[in-house]
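S.K.: Next come the chains, spelled out residue by residue.
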Amino acid sequence: MNVLLVSPLIIPFITGIILILMWKNRPAQRAISIVGSAALFIVSIILLLTVWEEGIQAVQIGGWPAPYGITLVADLLSAIMIVLAGLMAISVAFYSLASMDSEREAFGYHPLFHILMMGICGSFLTGDLFNLYVWFEVMLISSFVLVALGGERAQLEGGIKYVTLNLISSAIFLAAVGLIYGLVGTLNMADLSVQLRESDQPGIVLTLAMLFLIAFGLKAAVFPLYFWLPASYHTPPVAVSAIFSGLLTKVGVYTLIRVFTLLFIIDPAYTHTILLVIAGFTMLSGVLGAAAQNEFRRILSFHIVSQIGYMVMGLALYTPLAIAGAVFYITHHIVVKTNLFLVSGVVHRLRGTYQLKKLGGIYQLYPLLGVLFLIPAFSLAGIPPLSGFWAKFVLIRAGLETNQYIIVVVALIVSLLTIFSMTKIWAEVFWKAEPEPDPAYPREDLSLGALAGYVLPIAALAAVTIVIGLFSEPFVRLAIDAAEQLLDPNQYIHAVRPELLEGIVQAQN
Amino acid sequence: MEVILAFVVGALYTAGFYMILRRSIVKLILGLGLLGHAANLMIFTIGRLTRGSPPIIGHEAETLVGPFADPLPQALILTAIVIGFGVQAFAIVLVKRAYETVNTEDFDQMRSTDLHEA
Amino acid sequence: MQFSVILSTAIRYMLPLMLIFSVFILLRGHNEPGGGFIGGLVAAAAFALYSFTSNLDEVRRALRVEPRTLIGSGLLVAVSSASLSLFFGLPFMTGLWYDEPLPVIGKVGTPFIFDVGVYLVVIGVTLLIVFSLTEEE
Amino acid sequence: MLLAVLSGFILAILAPWLYKVGRGATGWILAFLPLGLFVYFVGFIEPVAHGEPVTFTYAWIPSLSINLSFYVDGLSLLFALIISGVGTLIVIYGGGYLAHDKNVARFFVYILMFMASMLGVVLSNNLMSLFVFWELTSVTSYLLIGYYHEKPESRFAALQAMLVTGGGGLAMMAGFVMLALVGGSWEISTLFEQGELIQNHAQYLPILLLVLLGAFTKSAQFPFHFWLPGAMAAPAPVSAYLHSATMVKAGVYLVARLSPILGHTETWLYIVTGFGTVTMFIAAYIAWQQTDLKRILAYSTVSALGILMMLLGLGEHVAVEAAMVFLVVHSMYKGSLFMIAGAVDHETGQRHITGLGGLIKSMPFSGVAAVLAAASMSGLPLFLGFIGKELIYESTLESHIYPLALTGIAVLTNVLTITAAGMVSIKPFFGQEIKTPKHAHEAPWSMRVGPLTLASLGVILGAVPFAAEEFGALLVGPAASGILNEALEVHLHILPSAINNIVMLSVVTVLGGIGVYAVRGLLGKVVAPLNAVSAVGPEKWYQWTLDGMMASAKWQTHILQSGYLRYYLIITILTTVGLAGSTLILQGALQNLSAITMPEAQIHEILIVVMILCAIVLVLRTSSRLTAVAGLGVVGYGIALLFVLFGAPDLAMTQFSIETLSVILLVLVLYRLPTFTNFSTRFERARDLVISLMGGALITVLVLIETALPINSRLTPYFAENSYTLAKGHNVVNVILVDFRGIDTMGEITVLGMAALGVYGLLKLRLAKKDKTPEPDVSKPEPISKPTETYTPMPVKE
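Chains as they are written, first to last, in my numbering: chain E, 1 to 509; chain H, 1 to 118; chain X, 1 to 137; chain R, 1 to 798.
Please keep in mind that the hints were generated in silico from the structure rather than gathered at the bench.
We put the beta carbon where it would ideally sit given N, CA and C, even for glycine.
Treat the hints with care, since some could be wrong.
[As the list claims (entries may be wrong)] What follows is a list of derived Cβ distance ranges for each label pair:
#1 E:499 to R:200: 51 to 61 angstroms
#2 R:574 to E:65: 35 to 45 angstroms
#3 E:436 to R:667: 22 to 32 angstroms
#4 E:437 to R:518: 51 to 61 angstroms
#5 X:96 to R:614: 45 to 55 angstroms
Could you build all of it, start to finish, from the sequences and the hints given here?
M.R.: Have a look at this one:
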């Protein structure tokens, strides 16, 4: 366990270091990048299976007991997230080999990518609030660089907004960590769970909860804090957009789930109602934003926002089924959204633009690509029996079970609007007859065979989507088990250090 | 003293917020710098203040005794300062590049990535 | 010009001294204020001053390695020292100590090696930023 | 059974490869699957008619109680037979119709998937698996309507159909979930027993409305009917199959299927019958005013669907019986007529009836089929349509509500239907020959088999007493039993036993139909002014909704995603202050403020604080960026001094060196940049100051509250205790950094490293201008750099 639990950190870290040391050797860098991502993926699966079999795993870094040292904890949610990170790492790393330009590769694209993965995995694994801040920063700085690397005008303009708003989020997060230490004198999340529940200052605890809601909500891109996302996600190379759109915002969602199931559970009627309102507005605002766009990647970017709303809705409903829905939604969304961005990259490669107006006729020429787009697109729109449908179904069922009719209505309307904007891309890019070629956008008619480096990861992810949709039982089971763990924080605390529970146990007796 | 510093922290936050709300990208950088200082000082204050007595164990002693400053907030701030420096260095260069590329320091000229008409 | 000649000569002699001082700060860090971070900054400052007064190629020659490589090796040292305990079946980053204190340095253990990694990274980072900016001008 | 349902999907995936082998004959080859399925389902007729329904259950997602369970009773079997039977003919027909289309392989993929989905809908016993298949029919229908996807009208119609039926489907899903939650099961056959419980539940009405919304949109009931005529953009085989014989009947099926659970209440009666009645009349009224063959047929289909709904709403024995007979009648004649319309269009290049006439000479087979089908549609004796119509009148006359009015409307509807039947059969095939764009000739055999088979079936079942009797006993009876959830024996007679009211009504209907057909030209002019009403009909509502949505989408996005960073920041700060501040007040944390004690401070501490404050003011007010940088530096040094005073030497050293480094960096970068330009108005500055003050005040209050409370660090005593003994270091801060919390430091140096790589990359990497994305089209602002740093009144730009 010692080794297994830290390997999602060490593997991308060491990969990144080797890549830095082999800076000038492009072929070696590409090979190592693939090996590192593959290793991460394999380890992540082993970790998930172990956690599923043996329950929550924890390790004390440096051997210092909790709450004094830093704990790494893998419960099912963390393990699922790590597997998804691994899957994205290997797919996007592969895709990058074909799509990334050699200039960016020469300026550290590969090491940055792996350090980004390290930051993401660290955020999923850590059981310490300040350590979470550190991993956030590792992730952020890598993402900052990846957004801006290349220095195109759009990248810089979008990058400044991305950087500024995320720094604000970090500043709020850091302040909140300080305030929480000042209040209860500890940073270990398991310990905090106990201390915050027993705090004699519920008013301050709830205020801090709001600060965390803002800090993580901004990272997750919820309404009204999502502006940085549509401003920047469509600017960097598509491999970067893809990994950001799939994974990065979900780190925010993950932390929201973590703190609002483990730390701030003293008054769910208050906190989770606020979350529910936010969820509704996020869904609606995001999808309307998407409807107003006319560019492939921008539509997709706004959709991320909208779907974050569904995930937050699951958290806000706060029942086992609802949280399972959120977990399942995250799983599905990461795979599907990444894939859609990857498809947009192929279209861009062929036609040199993302503008719907300038595109068309792809389906006629590349029917297979059309199918590969339709699978994730319909899945995103929640068409059964693809993965997105089950995600939506579980959430709607959870909403109806708890009589939260308004949010269910919103979710359904948004779902229809999602279909609307997904079919918009389909109709404009794939169905429509090809418009007059514009010399500003050089087109290349390559065969899909020549684009195998692009198409293979897309096909693989599409296959994953189909598998999640058609053979959903293990995935649903996993999500339900994860939700049950999340709703019983004492399991988490017990895994970190049983002694921490003493106060609670006494209170209950 | 904590009470006084609470107001200093508030002033730093106010100034930082005000600066990042300006249209000039250079002011944005300065504002972020102020916010960084503000957060650090805040954590320091919230960890309660102890005059003198750094948390260093005397050569003859085995444990810290007597009044001493809480070492944990210090360690956190140290990490935060360094991280803040790294991020800020990057942000500064980003702003410089943006200025060179767009040829203005006015944020209102940097909206192209948000406008859906594009 | 006169001034800068004096300065550059002075720096050339100061460089080794500052480097020794930086190592001293690194070493005493575990027991007194100091440590890898500040030590690294001092060392980097020495090279940075050198670079302001001489031409960059000369500084790069004096440094012998790319700053980027320093970052990489620093990180490698850090992660290696931290991973060592894994081979003994202990949790990641568990401190392993060589029990006999060495002269000058004192007790040596993996946390100390970790601090050396920090020291290297800080030098690399500072110099990479400074070099990039100076070349830019 | 699972294989039977899924085989269509499997074959669909293989169809493109089969096409490479089979080419022109692919249709004939693929037709073996639906034919096989038809035979397979025929095998169920005997056992189902004489015994219990058959169920099959395959676990799918047991954790969510979702199973692939199938339930074969008379009702689902009748539908399955129609789907597979008509499917066979359509696949053959489609192969001929699209023989020269380069994308025909795609057609086969979609149509087979559709058929499989449709079978899934009618056979599913689990509510959610039914829904899954239901949505799949919408999706395949979307793809089929958009088959000619390079035409904008095809894309428009496909989207319209998708949004209308998809929207209804989503409502239906909510209804299903509520139904299952109330009824305690996801299996329809189990829910049959819960009918009473559900109907007395407070959620009965919402469940009913939601489910019906799904059924009505799918079955094109007024006011959702408009998508169906639009869907005629699809190729003819698609219209014949989806939009007459099968998919649009899914809503009818659903209403029939759920009758035992939701039906037989006042609400049900009024809603279902009401919508059905309105639909059947309005659609029939619109139908005869059309000139496009396919549109006539489309509206008359809507009308037929209305009749079916009306009958199911009535829910009496005879009404249900009538519904099942009419269902079969309609599938046969409408499928046949659609195929003929397609053949006519295909062979003549013309589908407006005004441009067609006398085709019987060149297209004799199609002509005969058309006449037979139209006769059935008109309900002439010795055709199955006659039996259907008789039963309809019997049902309306027996209705509990407004029997006379219902019967009257039914008669009117049928009169108009006969008119429409004449328009699609007599007009194109008889009378004066009219020259058509393409030289007319008979369609290939693949396109004749379907219409002829279906049309003659209508005659056989309507004219052979034995056939009609068996049809009633083996198919209609069990199907009606399935709807009523009780056994019902059905005996069909080809002719009525006596002259009664119903026969009189039939005579009136036929005479009326012939009359209206004769004077339709004149009548059309008379009613023309009424048509202005349809200009504000449901299709307009759809368009308004869509336009309204788009407008609000643009509006909200323009407001929110304005591109102005400062507005994003203002919203972020205000949200923070709003949420945290209101929580602070509402949750009563402010009372802690009373515990604050008066500050005690020493003079040098005060001095440092004053220095910091002055530096802040300097940063805010200066117009020189170097001064501002210096001010920022002073703030940093001031804080470092505070660190020194309060026992944090490591921190102070770090702060000093970092601050120095930052200042150097800032100066290096900024000294090429211009002086500040003051862009903001006085109002904006005041506004921003207020916002900033709110943010600052929030933090100050929080710090004040917390520092007034006693601190109880759970960690520090451990560090004090063990730093030297266990971690072998005197400097506790350093021990925490490299040992207790060493992994933080590892992250920290990683951040540093990446930042440095980023700085390097940003400064050094200049992409060659081969990039394909051109510069965004934003007009270049003129440079505003000023060489000097003297303060002059700044241009106020806004």
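S.K.: State for each hint whether it applies.
M.R.: Evaluation of the provided hints:
1. E:499 to R:200: 51 to 61 angstroms: holds (54 angstroms)
2. R:574 to E:65: 35 to 45 angstroms: holds (43 angstroms)
3. E:436 to R:667: 22 to 32 angstroms: This hint is violated: roughly 52 angstroms between Cβ atoms.
4. E:437 to R:518: 51 to 61 angstroms: This hint holds: roughly 57 angstroms between Cβ atoms.
5. X:96 to R:614: 45 to 55 angstroms: Holds, since residue 96 of chain X and residue 614 of chain R (Cβ atoms, about 51 angstroms apart) stay within the stated range.
The structure does not agree with numbered hint 3 stated previously, though it agrees with all others.
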